[in-house]
Amino acid sequence: MEPATKLDYNHQLSLKELPYIIRWRDDRCTRCGRCTAVCPVKAIEPSVKLQRTVTSEGHIPTPLAVRRIVHVIEQVTDIDRYCTGCGACTLVCPNDAIEPEYNPQNKFLLYKNKGGEGYKRGGRRNDPSISTLDRLKFTRISMLTDPALDAGRHEFRVRTLLGRILPPEELPLISVNGKLSVDKDKGKFIPPVREIFPIMIGSMSVGALSPPMWEGLAMGVAYLNEVEGLPVVMATGEGGVPPRLLKSRFLKYFILQIASGYFGWDEIIHTIPEMVEDPAAIEIKYGQGAKPGDGGLLMAQKVLKLIASIRGVPQFVDLASPPTHQTKYSIEEAVAKMIQSMSMAWGFRVPVYPKISGTKTARAVLNNLARNPYASALSIDGEDGGTGAAYNVSMDKMGHPIASNIRECYLDLVKQGKQNELPLIAAGGIAKKGNLAANAAALIMLGASIVSVGKYIMQATANCFGDEYNRCNLCNTGKCPRGITTQDPKLYRRLDSDKVAERVVEVFKAANVELKKIFAPMGRSTELPIGMSDGLSVDDKAMAERLEISYAC
Amino acid sequence: MCRLAAITSKEYFSPIENILALETMKEGHDGSGLGITLKDLGGEFKDLKGYPILSGICSKEGAKILDDYMDKSGFKLIHVWTPKIRHVKGIISHDHYFARVYDYPSSIKHNHLHEKEDLLVNVRLTLRKMGESNQSIFAFSFYPDVITLKEVGDPLQLAEFFGLDRENLKAKIIFAQGRQNTNYAIYLYACHPFFIQGYCSMTNGENTAFVPIREFLMSRGFPGYIGYNSDSEVFTHILHYTVRQLRLPLTYYKDIITPLKENEIETRTDSDVLRLIKQSLRPLCIDGPNVVIGFTPDGTCFMVHDAKKLRPGVVGGIKGKYALMSEECGLDSAIPKRDKSKDIFPMKYDMVIVGPQAEEVRVWNQLQN
Ligand code: SF4
Ligand code: SF4
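Protein chains in written order, with the numbering used here: chain A, 1 to 553; chain B, 554 to 922.
One should not assume that every hint holds.
[Unchecked claim] Pairwise CB distance ranges, derived in the manner of DEER restraints:
no.	chain 1	residue 1	chain 2	residue 2	range
1	B	I779	A	A364	28 to 34 Å
2	A	D266	B	G774	45 to 51 Å
3	B	D825	A	Q340	23 to 29 Å
4	B	K872	A	S181	52 to 58 Å
5	A	R249	B	N816	20 to 26 Å
6	B	N816	A	K179	18 to 24 Å
7	B	H665	A	S181	24 to 30 Å
8	A	S181	B	G873	32 to 38 Å
To be clear, the hints were calculated from the coordinates, so they are not data collected in a lab.
Note that the coordinates shown come from a computational prediction; the quantities given were computed from them, not determined experimentally.
Just so you know, even glycine gets a beta-carbon here, dropped at the ideal spot from N, CA and C.
Okay, chain A solo, but in the shape it has when bound:
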């Protein structure tokens, strides 16, 4: 009979119920302790055990019970310290003695949703399924009647336009002796337009990312623009911008985001007189694809001194941006007013556009914007995007995939003849399986002018732990073991911002080459093939019909 203390009180978990089970090999482990030191959640601990073994030496069996003190690595069964499967321990172990193993029979959600609060986690769901974007193939290959272009030799213009474009019928032109000039007397408002690389870095805020991470991205972007000649822009996310950047000439590579928390906007507005450059654009955030209907949330754990000062708030409080801008109540009013006042703040020299979650109602927003001459784009964020903290249920079950959403919006613009006037920015789930250029090209051919990528860039450039199935997703807790999404100096010291910047440059240079490799065989080189839907096929009839592209199997 076991002693009573070992009885189950009906609240303990066994290892078999946790999402990851640590496989530790006694025979290989030298007890160096590195694994337990790096575990971001303290899911494993060194432990001392008393072991009783029976041995026998000599010719005749003479069993002898020996009690020994042994040192082991033990996984805790406390659900608050569950192993996240990040693999940090495996990475540091010199002897391959430890690794987490996914346990599909876990009872995680049952135990994690406590006190009537659903569990929040960082990062998007670990979804192993293949997205629509990855199923699209480029099937219109130039052959003989239309010679294929050479991606290496021909000149390519992989550029796009961000900003409202006047319809040709409205251009204020006058013709004198076969030569045109711009009719300045007409006083026609010509909206600001930027020429940029078609893939931009989506909004990830200072605060969500650690200082070296954000800086690394920013440095990479500046290098791409100034040395590589690739005009990549980056959205800042809500949460303020380092004042140094606001006053620098690099500001022109950044899209400042304003969301309902208005974090950092005091600072931004006050710095306008000192700005030597205009920002690339202003993004007004109304929704995020990963958690539509939820606002933004920077959890208290991440609001350390630096963040508190940039955002102008006290330390260690949850920083929520409500799902709507509370002072506004309708799309007509909210969007129009904000767009107008933001445009005005920069003398109508900066494109201003809203960002919404992918949703069935996106077309309503779009049509409203199409009639607003100051709206310079619409960014639609599909369900697969997002890095911030969110309820599991929002992240896993809410939202609209981007492919069909962008397609129907584009076709709606085509019907109105405005497909070139209001650029669509597509985001959410691009490069989920690593195919950055292919996913981006597919979205462009479905009708997007620009593609915005956040999470993939973060994961690729900072080498975020794990793969799509085994990511630690501690991004919201301030315990990111890589130092990517934490404000804790002990952790973010692990991240080298120069290395991040280098990878940003590599990722975009590679994407540039790959885009050319896709466009060249389709005979396109001088203009982005926006809406070139005859280039695409999919191996599913229903999808083909929905996207109005061809079916190929």
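Given chain A's structure and the hints, the job is docking chain B with the ligands onto it.
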């Protein structure tokens, strides 16, 4: 690859000259169709300049429907031309080929040409629609002083079929395309040249940007931008859109379909215009291998290439007669007595413009100011 033969002259000449030029360029070409557009007509049409001519093909039933419709619309038939068909093996003859000259309905007779043009296009489109499902009516053009002929078959045989060598059919500008069918089932409406309200063009090559261009044109709200049985039809419509609808000078056609790069734009005095045009007309930029030969209502002919110059094209001739051909042997056939050293092979930035009455040739370069 299609073969293109355009001739513009001070004197009236016969389309057989174009056909012979096509024939010399024939090599490797399956001759799956022929299209001819004549402008500034001579012969029996010489004195009918102000009246619109409906060109097309119809079946017996189609003829009745057509007559009824034209009657009802108030158009009065004043002259009919039909070729005397000489049956040739391999060419399946339609019932009626015609060019019918009408007088405008009295209600519109004294209106401005612009309004008349819109009526003409609508009539042509209505007829096209009425006859499209059962192929009983094909209406290719309906415009003063322009005739269009199209049929499936080898160009030389078709010339014999239509009796072009003996017919009294003459004009000052004649465009002909020997079609090689690659993409689509052979279809009459897919034969070049394409014509709309005085603007005409024919093209050699594939237009890889076809779908976005088509979408853009169709969304412009102009009823004539339909059809597109060939991806080349959009070139005619871009021309029409640029010059007639947007009222831009002809040379900007080149700036629209093959826009300059930013550093090149800077060198032009009209750089701010070019920037705006490049942005606003971004979907009309072509990327495929194309040479475009076209004419505008005033009788100006031109040739332009895509930005990589992936298809051949040559312009040459003597004062009073110039030819714009896809290959030099075609030029030799059309105007043998010319100074060959003056032949122009337009490069990627060039637009070769031959003035009305073939008076002069000008090479306009996109980089020039
Ligand atoms: S996999 Fe990560 S969370 Fe799990 S024990 Fe190892 S270090 Fe800790
Ligand atoms: S960013 Fe950090 S916390 Fe988030 S998944 Fe990657 S390694 Fe884990």
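Here is how each hint holds up against the structure:
Checked against the given bound of 28 to 34 Å, the beta carbons of I779/B and A364/A, roughly 30 Å apart, stay inside it. Evaluation of the 45 to 51 Å hint for D266/A and G774/B yields a pass: the beta carbon distance comes to about 47 Å. Between D825/B and Q340/A the beta carbon distance is about 26 Å. The supplied range of 23 to 29 Å therefore holds. For K872/B paired with S181/A, a C-beta distance near 34 Å fails the hint of 52 to 58 Å.
Separation of R249/A from N816/B is about 21 Å and conforms to the stated range, judged on CB atoms against 20 to 26 Å. Checked against the given bound of 18 to 24 Å, the beta carbons of N816/B and K179/A, roughly 21 Å apart, stay inside it. Take H665/B and S181/A: their Cβ atoms lie about 27 Å apart, and the range 24 to 30 Å holds. In this structure the hint that S181/A and G873/B lie 32 to 38 Å apart at CB holds, the actual value being about 35 Å.
The structure fails hint 4 only (numbered hints given earlier).
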